[in-house]
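Below are the chains, spelled out letter by letter.
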Amino acid sequence: MTRLVYDGTFEGLLTAVYEIYERKLTTVKLEKGEYNINGLFENLIQVTTNEVRAIRVLNGLKQKLSPIGIQRLYIAHLAGIENDDDTIVSFIRYAFDYNRNIEDDYGNKHVLRISKVVGMMRREKHRMEAFVRFQKLKDKTYYAAIQPDFNVLPLLIKHFKNRYADQKWIIYDIKREYGLYYDLHDAEFISLEFSSVKGANNVMAAFSEDEEIYQHLWKNYFNSVNIPARKNTKLHLRHIPKRYWKHLTEKI
Amino acid sequence: MIEARITEKLNILADAAKYDVSCASSGSKRKNENKGLGNASNGICHSYTEDGRCVSLLKILLTNHCIFDCAYCVSRKTNDIKRAAFTVQEVVDLTINFYRRNYIEGLFLSSGIFKDADYTMERLVRIAKKLRTEHNFNGYIHLKSIPGASDELTREAGLYADRLSVNLEMPTEAGLKLLAPDKNRQDMIDPMAFLNKEIIQRTEEKKLFKKAPMFAPAGQSTQVIIGATPENDNQILQTANYFYKNFNLKRVYYSGYVPVLADKRLPALNTSVPMVRENRLYQADWLLRNYGFKVDEIVNNQQPLLDLDIDPKLGWAIRNMQAFPVDINKADLQMILRVPGIGVQSAQKIVRARKFAKLNWDQLKKIGVAINRAKYFIICKSNEFERRDLTGTNIKQFILAESKSKYLKDVTTQLSIF
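These protein sequences, in sequence, are chains A and B.
1 is the number of the first residue of the first sequence in the numbering used here; add one for each residue after it.
1001 is the number of the first residue of the second sequence in the numbering used here; add one for each residue after it.
Honestly, the hints are just simulated from the structure, not real lab data.
Computed from a predicted structure; not experimentally measured.
A virtual CB, placed ideally from N, CA and C, is assigned to each residue, including glycine.
With a Cα cut of at most 25 Å, we get these calculated PhoX-like pairs of lysine-lysine:
1. 161/A x 1031/B
2. 161/A x 1035/B
3. 219/A x 1082/B
4. 32/A x 116/A
From the derived model, a few chain A residues whose C-beta atoms are all more than 10 Å from chain B:
5. 21
6. 42
7. 66
8. 74
9. 93
10. 138
11. 173
12. 177
13. 181
14. 189
15. 192
Full structure from sequences and hints, please.
This is the structure:
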């Protein structure tokens, strides 16, 4: 078995695929991070991300997969789940080795696993589209902190940009310490300096005048629409798991 | 304090609106093309109440003052409750400010009838118009069509709203006469028929002229209350089917009656909400809309009630054992959809995947098929399959024995209190 150490980017992963074919490797294992020699006799290759090589692999994939199929690989990689880099590589090798598009071959374990991971990512993205709670700041920027299970922020740009085109907003991923800022024209990635992690979650000092009123009204509304005779805690928790509560105005 | 007054109004008018179960914010295709606020497309549930229901729209009544005296309704005129009414501006401000904070997908506005139908409808339309024209609001708007309102107002409502709905309230005319003597079923059907005609016509226009305005792009829906009157499931589902077929409704909602009022025509106050029955009706409704079932296959005069123990799809399967076993690797999609334990997504995956190679039990399980139910009804690439000649009743017993009903658990938790 050969271990391939790469930088964790999608380009890096595609470069690793290039190396696998170039060196005619059979069994491989991908690892993110620094080049580190632990055992003397190990087969270990450091992959240096190379745009030209990555694009060659990508162009090859375009011959074999639909544009959506390629995007799904990118999304699966964004999930950053341990060992699933190997699934992505196996998927790509299967796609290259087979003479027709294999995206729908759910009997294949790699294809099925990618489909599961993409499903998990879509679900988390959809949850964020639902659970983001903006708080209006004094400068009329709407600010929201999130802590999604996966790195879905890049997948949120389109939705929030289309929807909130006439207000400035920030969505900040506290866990991964970066955010999205929309300035009425474009959305860009930013990172903010907070005095502590708690700071990212607590911006009350900067609230606009009417912010607390609407938070109060929303909490009241949320309680008023509940029908106690139909109480169903299990269902409630399945829809909004507790880990999301700390950013939900109505559940704080 | 203005703030305290708005809070009180919101509490009263949200509380009074909550028995309308419709919450959908999907089915529209309104885009944010004017760089305004919001869009309406796929529907998002922004929160869930403790009863597990989705909160998608700001669902309120404009007022709970009402000239009608419907026995099942908290807002009926003889009920001694606090009354309130929003101003047009208050509803607009709440909608915009909730929307900007990503609390909601839009507004669901209904109302008690004050003065008369047109007077009430005119105010609902005015709010929608103001949101669209003065605030560039492209979020979702669901308006109630008030029975008896003029065609002119109903047409104007369609120009601003994404969805319109008239509630049938009771599944049959007899039920309505019993509990809502002031109301007339024809008054509810007329606006539905008018809107249906108008939607079809506008859709044709839009095909010819891209610039033609949208008209209720998310269509019409309705609601019937379940368990307040003695109609059986056959009557309820036949009614739903009739309206799906003849009025192109997008959805029929079934609202299990919550006993809120003492009235000798109604179930007693301590009666529990018929949640299992409501759930079975929704499952049956899904089979009609997404699984290609005909209503008579699910309920009919010989089989007027849905089985509360098992879901209607399993019910159909065990009554029709001659249709099984289905060969997963050969049968067409429509038949695979009829197998208990296989949903729409799994069925589609199966027909795509089998083009590459025949599927076995392990693969079916990983694709998402509930094998514990499906195993009695299918064969696949394996020598193992159900060889016993089981009757439908046997299968039902086996499945019930190994699955724990979510509702059965509810019962045990209630008993353990004592």
